[in-house]
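Engineer: Dock chain C against the given chain D, drawing on the hints supplied.
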Amino acid sequence: MAADTRQSGELKYGLADLLTCAAAREVQDNEIVFAGTGLPMVAIMLAQKTHAPNLKLIFEAGTLDGRPTELPTSVGDARCEVGASRSSGLHDAFSIAQRGYVDLGFLGGAEVDEYGNVNTTAIGDYLEPQLRLTGSGGNPDINSFAARTVFIMVHEKRRFTRQVSYITSPGWRVKKWPEGTPVARRELYGAAYRGGPSAVISTAGVFRFDDESGRMYLDTCHPGYTPEQIADMCQFDLDITRVGGETPLPTAEELHLIHRVLDPDAIFIPHPQ
Amino acid sequence: MSKRITLQQAAALVPDGCCLTFSGFTIWRRPMALVFELIRARRRHLHLVEVQGGPQSEFLIGAGCVDIWESCWIGHELYGKYGANLSRKVAEKKIIVEDYSHAEMLLRLEAAAAGIPFAPSQSSLGTDIHNPEYDMLGRAGLRNGDNPHIPRHKYRFMDDPFYDAGQIVLVPAAKIDVAVMCVQQVGEEGTVRISGQRYSDQEVARAADVTIVLAEEVVPEEYLRRDAERNAIPTFEVDHIVECKWGGYPTGMFGRYDVDGDFLRDFYQRTRTQEGFDDWAQEWVYPLDHAGLLEKVGVKRLLALKANTALQYSTSIKRGG
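So the protein lines, in turn, are chains D and C. So in the numbering used here, the last spot in the first sequence is 273, and the numbers never skip. So in the numbering used here, the last spot in the second sequence is 321, and the numbers never skip.
Rather than coming from a laboratory, the hints here were simulated on the basis of the structure. There is no bait here: all hints are sound.
What the simulated footprint calls covered on chain C by chain D, stretch by stretch (three residues with Cβ under 8 Å from a Cβ of chain D suffice, anywhere in the stretch; the number is not a length):
#1 75-88
#2 116-126
Footprint (simulated), chain D over chain C, 3 or more residues, beta carbon under 8 Å:
#3 150-163
#4 253-259
Partner residues are not named here, just some residues of chain D that face chain C (Cβ under 7 Å, in silico):
#5 Glu81
#6 Leu90
#7 Arg132
#8 Leu133
#9 Lys175
#10 Gly190
#11 Ile267
Every residue, glycine too, gets a C-beta built ideally from N, C-alpha and C.
Here chain C stands alone, though its shape is the one from the complex:
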């Protein structure tokens, strides 16, 4: 049976209240085409559990799609130093933020991917990340076991029982409904080939109950299976495939296209207020579809972003100030 679906069908697999995560790293290889689609579909009450956030989180949070965000970082790197939409919603208490450290978030996904309920770490000891007063899901009364995505505790502490290494922090596995990936190539049966850094994509794909892959290209399985050691994710971990060129735009993709820094900077500068966000979304999201967005961005801009295939990044964009 074919795993191929459309972007709209993929969006329908992410219902209201879904616990969701993504491929990529900050402003690289985020499944933005689907993120735009979820905003258009006016999805609500999403629970994002991300190794780290980025434009995808900021777009969804600004649009009011997200109730809970568990992660460690949000921003647009060089193009916007923090998540202005998250900051606003935190101040208005319209979102619950649960802070972990970056390594801890990775461990939460790794534990989930390995099928174990929690993971031990000695990172970030002594910080307020571990302060029980700042357990925000606990404060909201959501750690009573009713929500299968929310563990009973944010952390547990113990002393190393084996080698007397000292204090150990246990972090709960992440219980993810859907992971949406954005990659260079996928085979008809679901084999994923990622070029460049793999970030935490393998953990994310394995951790989720349902994994949807947006790929620049769907290629013959036989082609990918000639070099199996270059493949990152096996067929059976992938449930659905969407062929979507420029699916990561305005984030970048190794070997394919660079980050559109102007797009992200414009978003960051315009969306400090809700009115600003609504205005931006009215221009760039609601009236368009994926092809319409690319058309609006324009051939000239997209061509400048296209990567040099020897170097894997664009040599024709202006990056400096």
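If we strip away everything but chain D, and leave its shape as in the complex, we get:
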């Protein structure tokens, strides 16, 4: 992500800073949080240094309640292990999720639809793909079992799509296989139901999902965007009747923590120019 620097009074911040701070605000204290690679990792560590000092960090590769002092570049990184309660493996990470310990997971996606179904597998017809992507990784597993998941995405009209090319990760309205019957997530997951996508943080705004219908609505606009502009950046009809204003800007303290403490080498978050 380019630095894309903006200015607000004395403060210079980048788009990545805005997203990191928005993501950090999704974390509540004392929560057990599944940390993915990249910007989410910075966001979670930012929350830990501000309003959520007691959060517990789980790395998918097998570190439980880690307290890294240097930013890991991936969840298998030796840096994840520092200060951990337990170092083990994938079995622990996934059984903890399936058992229902995980409050929040941060995930990514190439495409999302209005029900929060996400694609990270292939663009175009799966059988004749235009582009094969990385695949699911743990995205559907974490999204299946965490009480809340937050997706961080680049906002383009083709990515906020009427129908994702492939449902990699389950939203609020999914398919019951082997027939493929449309079904509400709550109904399909039975006893394993614990929640689902709670927010999408895109490069244009923050989106949430209606409790009843499971449909996406616009919550806040990032500075520089109107609700109408954002609605025009979605292929589906985006509900913009519930907009709660502008996405809060990063504070001076948050910017200091991101660029001087958490990611001083700009591994994931570029320094504002």
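Structural biologist: Chain C alone, transformed into the frame defined by chain D:
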């Protein structure tokens, strides 16, 4: 009888058509020295069943060694966002990809390690991972029972018969011929000690019919047996041992060396096309052996990757952009 063999002997234990898996996690502790050796030996028709892929899969796939890849993820983390070689071969229909979720792949290995034929899960319900139209081995007519590595079904669905928990997905155990591990220490008899995260290594070693361990060091068994609780894999699960320093390079190893991000980024950027891959392999794989590769990388770069022994990672590499 000694379990020690050479890298070349290890490569010979992975024949054409072998169903293969590896230790490690994405860009960490992959047995790359053996992967390079398999490419040099121009191995063909490999069937990779991996909890998740990484550079090892991308190198083998780019070199045309792989016919079938069953897994959930491929890429180089920060150093390359997807598997460009896999993408190209998928588009050209030169490889069959069978997608499962990460937890499902782990369960397939866990079932195999536990000696049970399948495992139940409620993960990924409602996704296209379970779409029967996307059963690619089935589409290729390979689920007829002729290939012992390929189960008759990709999935089966059932309702929980015990507690009415709802829909359950059954995933087949993975039938692995050979697992190749890359670890810090192994004893002369095969006891494995892993430092740091164990990823899915214990499951992988137990699941495979033959387990080959590449270790940075072969150490006295007596030393490892003083602290048995620190050991990850027992002697009898390990068939062969290769002492191979920097055997995971360019992936990283906890306590020993970091990932060489520059090497992976260079690979990712240069191998979008087959010509690019061939050119890269001509430079970094075919004319070299393991020592030759390390020599080409150079002492300066390797020293920068070396881990600080208190922190377990390198403090001298530049990681940021």
